[in-house]
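Participant: Listed below are the residues making up each chain.
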Amino acid sequence: MSPSVLICDDSNMARKQVLRSLPEQWKTSAQIASNGAEALTILRDNSIEVLFLDLTMPGIDGIGVLQGIKKLNLDCSVFVISADIQPEMQAKVKALGAKEFIRKPVKPDVLISHLQQHGLL
Amino acid sequence: MSEFHLTEDQQDCLQELINIAMGQASDQLARYLDTFVYLKVPSIESIDAKDLLQTLSQQKNTMAVVSQGFFGYEGIRGEALLSYQEEDSGRIGDLLGYEPDELSQDEQLIDISSILTTTFLNVFARQIDNQMSYNAPKLLPSVQNCLSEHLQEMTFNWDLALKININYQVTDYSFNCNMILLIPETAIINIKKVLDRILAEF
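Line order of the protein sequences matches chains A and B.
Quick note: the first sequence uses the numbering used here, first residue 1, plus one each step.
Quick note: the second sequence uses the numbering used here, first residue 1001, plus one each step.
Please note that a few of the clues may not be correct.
[Stated by the list, open to error] Simulated crosslink set (DSS-like; lysine-lysine; CA at most 27 Å straight-line):
id, chain 1, residue 1, chain 2, residue 2
1, A, Lys16, B, Lys1050
2, B, Lys1040, A, Lys99
3, B, Lys1163, A, Lys27
4, B, Lys1192, B, Lys1050
5, B, Lys1163, A, Lys16
6, B, Lys1163, A, Lys70
7, A, Lys16, A, Lys99
8, B, Lys1163, A, Lys94
9, B, Lys1138, A, Lys107
[Unchecked claim] Just the calculated beta-carbon pair ranges, DEER-fashion:
id, chain 1, residue 1, chain 2, residue 2, range
10, B, Gln1131, A, Pro3, 39 to 49 Å
11, A, Lys94, B, Gly1097, 41 to 51 Å
12, B, Asp1048, A, Ser47, 46 to 56 Å
13, B, Ile1189, A, Gly119, 23 to 33 Å
14, A, Gln117, B, Glu1149, 33 to 43 Å
15, B, Asp1172, A, Lys70, 24 to 34 Å
16, B, Glu1153, A, Asp45, 56 to 66 Å
17, A, Asp109, B, Gln1105, 42 to 52 Å
18, A, Lys70, B, Asp1009, 17 to 27 Å
Just so you know, these hints were derived from the structure itself, not from any lab.
Each residue gets a CB set at the ideal place from its N, CA and C atoms; glycine is no exception.
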């Protein structure tokens, strides 16, 4: 069975890039959020198992979403997909509970291998 | 909407390409300065030549602007302007770890600007299967008058330009650098073609 998936990115193109990198059977049920606030609402009201999260967004950014997930005590595997590749940022998101940091633009084989690594596939 | 304006999809696509370029440029800057660079969402807008001059000369505490022209294949070209605030320019030597007499402040500004501009544009170009060449970076010292002269002297003529604004904020030192990319009219048409090609893949 495919898990419940949320993709959060302010860019439509970036969301599509993530969506088309997902395993075939995950694609149809994936939900979309275009900012951090939207993502937190969906996370609160649905049991999302896997979140693909951008960092640089207007309003509540990816860091804000990670903090929100911690605060709400949600059990969700977060994969950060960002262009902000500074080592300090990568360490920061891991410290906030993200499973992996994946650099943009995301490539299907990289994403799939990370999902396998974390036992999600 | 004129032929020089971007559609919503084109704007979104360009913004994502810029995000990736900006991310790698700030990673370079962070490594170079051994610090962290805080990134904001870049802004993209169309601007009239006369409005641009006004906007730029309104930034009163802007001390120095380093300008560098760039040009790639398929008629993609423009000018990158990096502006620094007065209180920041004195810190650049400290940031870069130079000895007081090693390089003049002007040379330091040109140094750091060139790193940012070329890293950013090389990453941007790679994503659109292009390759950039650069003019030598030029420091415009007394900003107010020089900037307007410089903009008028630029090798391209334009009434309207695409203005892309990216802010690099070095948190440890409260140091700010603003990168403004100006893409003139004819190059906008060419960029739109490239964006449409990328969008067609989705």
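Participant: Would you mind marking each hint as holding or not holding in the structure?
Facilitator: Status of the hints after comparison with the structure:
For the suggested pair Lys16(A) and Lys1050(B), the alpha carbons sit about 38 Å apart, so the restraint of at most 27 Å is broken. Taking the CA atoms of Lys1040(B) and Lys99(A), the gap is near 24 Å; set against the 27 Å cutoff, the hint holds. Distance check on the hinted pair: Lys1163(B) and Lys27(A) sit about 36 Å apart at the alpha-carbon level, beyond 27 Å; violated. At roughly 23 Å between alpha-carbon atoms, Lys1192(B) and Lys1050(B) fall within 27 Å of each other, so this suggested pair holds.
Between Lys1163(B) and Lys16(A) the alpha-carbon distance is near 26 Å, which keeps this suggested pair within the 27 Å criterion. Proximity of Lys1163(B) to Lys70(A) is assessed by CA-CA distance (about 38 Å); at most 27 Å being required, the pair is judged violated. Distance check on the hinted pair: Lys16(A) and Lys99(A) sit about 21 Å apart at the alpha-carbon level, within 27 Å; holds. With a CA separation close to 35 Å, the supplied pair Lys1163(B) and Lys94(A) exceeds the 27 Å bound.
Our distance criterion of 27 Å between C-alpha atoms is broken by Lys1138(B) and Lys107(A), whose separation comes to about 38 Å. Between Gln1131(B) and Pro3(A) the C-beta distance comes to about 42 Å, which sits within the given range of 39 to 49 Å. A beta carbon spacing of about 29 Å between Lys94(A) and Gly1097(B) contradicts the range 41 to 51 Å that was offered as a hint. Between Asp1048(B) and Ser47(A) the beta carbons are some 51 Å apart, a value that agrees with the proposed interval 46 to 56 Å.
The hinted window of 23 to 33 Å between Ile1189(B) and Gly119(A) is violated, with their beta carbons roughly 49 Å apart. Under the hint 33 to 43 Å, the C-beta atoms of Gln117(A) and Glu1149(B), about 57 Å apart, miss the expected range. For Asp1172(B) paired with Lys70(A), a C-beta distance near 26 Å keeps the hint of 24 to 34 Å intact. The hinted range of 56 to 66 Å is satisfied by Glu1153(B) and Asp45(A), whose Cβ atoms lie roughly 58 Å apart.
Checked against the hint of 42 to 52 Å, the pair Asp109(A) and Gln1105(B) passes, with Cβ atoms roughly 47 Å apart. For the hinted restraint 17 to 27 Å between Lys70(A) and Asp1009(B), the CB-CB distance of approximately 35 Å leaves it violated.
Of the numbered hints listed earlier, those contradicted by the structure are 1, 3, 6, 8, 9, 11, 13, 14, 18.
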